[in-house]
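Could you build the full structure based on these sequences and the hints that come with them?
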Amino acid sequence: MNYPLTHQLQNLIGDIKNQPFVDNSIVANIVQSHKLATKDVEPFMLFNHSNKESYGRTLIFDNGNFKILLMSWKAGDFTAIHNHGFTEWGCVYTFGEATHRLYEIEQNELKLIQKDNFQAGQIASVCGDLTHMMGNASSENFVTLHIYGSNTRKSNVSANAKVYVPEFQKVVTTMGSAFLNMDKDLMLTETPINEINSEILYDYFCLVKPYYERNKNTNILASMEKYLKNNGSSKIKN
4 MNYPLTHQLQ
14 NLIGDIKNQP
24 FVDNSIVANI
34 VQSHKLATKD
44 VEPFMLFNHS
54 NKESYGRTLI
64 FDNGNFKILL
74 MSWKAGDFTA
84 IHNHGFTEWG
94 CVYTFGEATH
104 RLYEIEQNEL
114 KLIQKDNFQA
124 GQIASVCGDL
134 THMMGNASSE
144 NFVTLHIYGS
154 NTRKSNVSAN
164 AKVYVPEFQK
174 VVTTMGSAFL
184 NMDKDLMLTE
194 TPINEINSEI
204 LYDYFCLVKP
214 YYERNKNTNI
224 LASMEKYLKN
234 NGSSKIKN
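For reference, each letter of the sequence shown is one residue, going 4 to 241 in our numbering.
Take these hints with a grain of salt, some might be off.
Said to hold, decoys possible - DSS-like, lysine-lysine: derived pairs with alpha carbons at most 25 Å apart: (1) K187 - K219; (2) K232 - K219; (3) K55 - K219; (4) K118 - K173; (5) K212 - K55; (6) K173 - K212; (7) K229 - K55; (8) K212 - K77; (9) K173 - K232; (10) K114 - K232; (11) K157 - K20; (12) K219 - K173; (13) K77 - K118; (14) K77 - K55; (15) K77 - K42; (16) K229 - K219; (17) K212 - K232; (18) K77 - K219; (19) K173 - K55; (20) K187 - K212; (21) K219 - K157.
Said to hold, decoys possible - Derived DEER-like restraints, expressed as beta-carbon distance ranges: (22) Q125 - N14: 14 to 24 Å; (23) D18 - E193: 34 to 44 Å; (24) S142 - H37: 28 to 38 Å; (25) R217 - D119: 21 to 31 Å; (26) P195 - E107: 18 to 28 Å; (27) E143 - P46: 15 to 25 Å; (28) E198 - L62: 31 to 41 Å.
Hints are computed from structural coordinates only; laboratory data are not their basis.
Each residue gets a CB set at the ideal place from its N, CA and C atoms; glycine is no exception.
What follows is the structure, encoded as structure tokens:
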């Protein structure tokens with residue numbers, strides 16, 4: 004369903020359009036200057052998304068070279084571990100406290116380099132090779148505004164996104180979506196990844212467990228627990 008853009012969103016889009024060149028600093032300053040409030044994005048909230056979808060995802064605007072989306076997070080919602088494909092610049096504006104993990108990839112091996120939380124009102128920069136996951140480990144609903152852009156592309160700025168799926172030991176590419184346990188029709192390609200360090204996998208397991216529990220995917224959780232036990236994780240109880 005298409006909703007009319009609020010006045011603040013119209014102004015935000017106009018200011019980005021008017022820039023001859025955009026980078027992370029410029030887009031962050033534009034977003035900061037508009038002092039967005041929850042009411043400005045309320046028409047695009049999607050907390051009633053299906054349990055199968057691991058977060059709510061609503062497209063607000065897309066003119067080819069940049070797009071704006073609103074992500075809605077109810078308790079237990081998380082993305083998969085992912086990057087942002089062809090994105091050259093962008094940012095995330097948070098309206099609540101979001102749990103966040105930052106990773107890097109070295110020789111096809113996933114490494115966790117930072118655990119932190121995004122606070123309400125925080126602006127975090129985004130680029131194509133930023134590999135992270137985020138979600139809602141609290142009991143309170145909140146939303147985040149995401150902007151993905153390019154100075155060189157005229158369409159599909161977040162396509163070719165890589166989504167890492169440790170529970171199935173693979174990495175897939177998508178047009179930008181980063182759902183947990185996503186449907187096959189959202190995947191463009193699929194390749195295996197190296198084994199995941201057990202401590203990284205345990206942290207990931209704890210974050211995604213509520214999603215798999217609400218979908219009654221106990222077999223996936225059991226498989227992850229078995230892998231962790233067999234690979235020496237002391238945090239999984241026998």
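Hints, one by one, checked against the model:
1. K187 - K219: holds, 19 Å
2. K232 - K219: Holds - the C-alpha atoms of K219 and K232 are around 21 Å apart, at most 25 Å.
3. K55 - K219: Cα-Cα ~10 Å, so holds.
4. K118 - K173: With Cα atoms ~23 Å apart, K118 and K173 stay inside 25 Å; holds.
5. K212 - K55: It holds: about 13 Å lies between the C-alpha atoms, which stays within 25 Å.
6. K173 - K212: holds, 18 Å
7. K229 - K55: holds, 24 Å
8. K212 - K77: holds, 14 Å
9. K173 - K232: holds, 20 Å
10. K114 - K232: Holds, at about 20 Å.
11. K157 - K20: holds, 13 Å
12. K219 - K173: holds, 22 Å
13. K77 - K118: holds, 20 Å
14. K77 - K55: Holds, because 13 Å separates the two Cα atoms, which is no more than 25 Å.
15. K77 - K42: Given that 25 Å is the threshold and the Cα spacing comes to 18 Å, the pair holds.
16. K229 - K219: With a Cα-Cα distance of about 17 Å, the restraint between K229 and K219 holds, given a limit of 25 Å.
17. K212 - K232: Holds - the C-alpha atoms of K232 and K212 are around 16 Å apart, at most 25 Å.
18. K77 - K219: holds, 17 Å
19. K173 - K55: holds, 20 Å
20. K187 - K212: Holds, at about 21 Å.
21. K219 - K157: violated, 41 Å
22. Q125 - N14: 14 to 24 Å: holds, 21 Å
23. D18 - E193: 34 to 44 Å: holds, 39 Å
24. S142 - H37: 28 to 38 Å: holds, 29 Å
25. R217 - D119: 21 to 31 Å: Cβ of R217 to Cβ of D119: about 25 Å, so the range 21 to 31 Å holds.
26. P195 - E107: 18 to 28 Å: holds, 19 Å
27. E143 - P46: 15 to 25 Å: Cβ of E143 to Cβ of P46: about 20 Å, so the range 15 to 25 Å holds.
28. E198 - L62: 31 to 41 Å: holds, 36 Å
Hint compliance for this structure: hint 21 alone is broken.
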